[in-house]
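Here is what each chain is made of, one letter per residue.
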Amino acid sequence: MSDSSRVRPGSTLEIRDLHVAVDDKEILRGVNLTVRAGETHAIMGPNGSGKSTLAYAIAGHPKYTVTGGQVLLDGVDLLELSVDERARAGLFLAMQYPVEVPGVSVSNFLRSAVTAVRGEAPKLREFAKDLKSGMDALSIDAAFAQRNLNEGFSGGEKKRHEILQLELLKPKIAVLDETDSGLDVDALRVVSEGINRFRSTGETGVLLITHYTRILRYVKPDFVHVFAGGRIVEQGGPELADKLEAEGYEAYVKASA
Amino acid sequence: MGLETASQTKPLSTLHEKASFDVADFPVPTGREEEWRFTPLSRLKGLHTGAAASGGVVVRVDAAPEVTVETVGRDDERLGRAYVPADRVSAQAYSSFEKATVITVPREAVASAPTVVTVTGSGDGAAYGHTLVRLEPMAEAVVVLEHQGSAVYADNVEFVVGEGATLKVVSLQEWDDDAVHVSHHHALLAKDATFRSFVVTLGGDLVRLSPSVSYEGPGGDADLTGLYFVDAGQHLEHRLLVDHSTPNCRSNVVYKGALQGEDAHAVWIGDVIIRVEAEGTDTYELNRNLLLTDGARADSVPNLEILTGEVAGAGHASASGRLDDEHIFYLQARGIPFEEARRLVIRGFFKQLLEKIELDELRQRVFAKVEAELEK
Ligand SMILES: Nc1ncnc2c1ncn2[C@@H]1O[C@H](COP(=O)(O)OP(=O)(O)O)[C@@H](O)[C@H]1O
Ligand SMILES: [Mg+2]
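Chains as they are written, first to last, in this note's numbering: chain X, 582 to 838; chain E, 322 to 697.
Chain X extracted, bound-state conformation (with noise of 0.2 angstroms):
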């Protein structure tokens, strides 16, 4: 999948020149980056680099504040939409840190995502059925829709809920932050394992934001990016990767600051 110029079905995202600030601290310096359909961009740094800070600036996190650029899907500017709107326009993003919302129950949730991004409430039969197939695909128990959003949940069940929600919205595109940190092997092959069928049709892109390549052995990425200093420092095929887990950050690091 490396010709990216053949024309698919499918949404583009595009991020130019995008700049965002934390509490008036620049962050992101500048980063360009364009995920097409059928795409995985995996992006790779060291931890404070400014990963998480992409990723909740394209969803529209209340505390990032863009001072420059423009993120575009299919053409329409996503920051000068709210939170919702962006998610309901066939964004999604899976938070390194999912939150917990006591007394919002996984089920009650999930119907109203379900029902704010189709435009319509799903037919309670099928949304069961879904529901119940997503949960078994991930081996998520039954009983886990009765709890509360991510409350008391283990750090591998609240990156399986991600993953839930992400097959259950079908997006356009995807942002995984980090959804690999904190999984044993076979929730990371059970999780990975959701990632795939979600891209499988071809008509959606990734932007997988990691640390660490281990889950790239099995979500296979097109494009790898090292994020540094709050930029894009470089760029390549999965061979990248390997790069990176034999060098490691740290000539990446110094060369941006």
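In short, the hints are calculated from the structure, not lab data.
Quick caveat: nothing in here was measured; it's all calculated off a predicted structure.
No residue lacks a Cβ here, since even glycine has one placed at the ideal position from N, Cα and C.
The hints are all genuine.
Derived list of chain X stretches under chain E, where covered just means 3 residues or more per stretch with a C-beta under 8 angstroms from a C-beta of chain E:
| id | region |
| --- | --- |
| 1 | 639 to 652 |
| 2 | 674 to 688 |
| 3 | 692 to 704 |
If you want the footprint, here are the derived chain E segments under chain X, 3+ residues with CB under 8 angstroms:
| id | region |
| --- | --- |
| 4 | 636 to 650 |
| 5 | 666 to 673 |
Since the structure of chain X is already known, use the hints to place chain E with the ligands on it.
Positioned in the frame of chain X, the structure of chain E with the ligands alone reads:
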């Protein structure tokens, strides 16, 4: 608080120093007193200055078949045995009511339906009331106190829960916007008695409700739950007192409220006293306030006074804050519009409380009322 009648010694706690049936024992509050400092006295419509009774409320009781209901005069000797007024308005109510309602659940009887006491204000001036709910040993009952209409009303409610008996009370304050209500609920628990109180305060210009509990023997178990929704201009105050004076009793207090609008004011006072003799006490109290808009204010004051070294558990927590941006963001990031995300989070905030109402019909009704508040 009726806690001192037996020994007449000064309570160890300075929180509730005085108990008397006589109004004259309580000076007219000025607003500087600890127990009145949060209450806007000017809006009490004279309940604290001796407003004359003009019979502005009607009390109706729909009782379960196993339960007896009597309307009695002031001289009925069963009244005032569990509770002695602890402040001026309470004493005013005690010395001003004409008829009291006495609800008795006989020994070992299990009420097959809730007993509903409806207090309806007609808007015709001040009124005073007294209610006594007696559960004889091993009896079980649910009592619902409903307050509606427009009133200026002060009353005392005594719950006397006999040995091994279980009383569940739901008190709904759904007054009209101009109502004033000052009320004391006192539960006296015998050995192994269980008391569940669920307070829902939504309506009224000023509501000041003071639920308290004391124990006569070991094994008493009290659960006091409260939910309030304060709109612009409303003053809703809940003052709790649990007095552990007997070993091996339990209490759990959870009050949660949401506030929205200019000058919406919630007050929550949670006093728990564990006396020297109350070894093995297990208690926890919690108050949380959700400030939904600017201009709303919540005062939350937990007081836990432990005078014994031997407690099974004792804790308290209080927090007031805004909706968590991270919660809203998470829901919105899944496509859920802001307004709906907000509703989901607020519902979630109250959900655990609502689940404590065991009667389906009642729970759904309270749930619907909370929903209606959310739509405002
Ligand atoms: N919400 C926030 N509040 C304050 N500082 C933040 C916040 N988010 C990120 N930062 C700062 O921005 C920088 C990049 O952080 P982050 O985007 O989380 O990096 P990464 O995900 O690559 O580890 C760090 O210096 C971090 O301290
Ligand atoms: Mg991160």
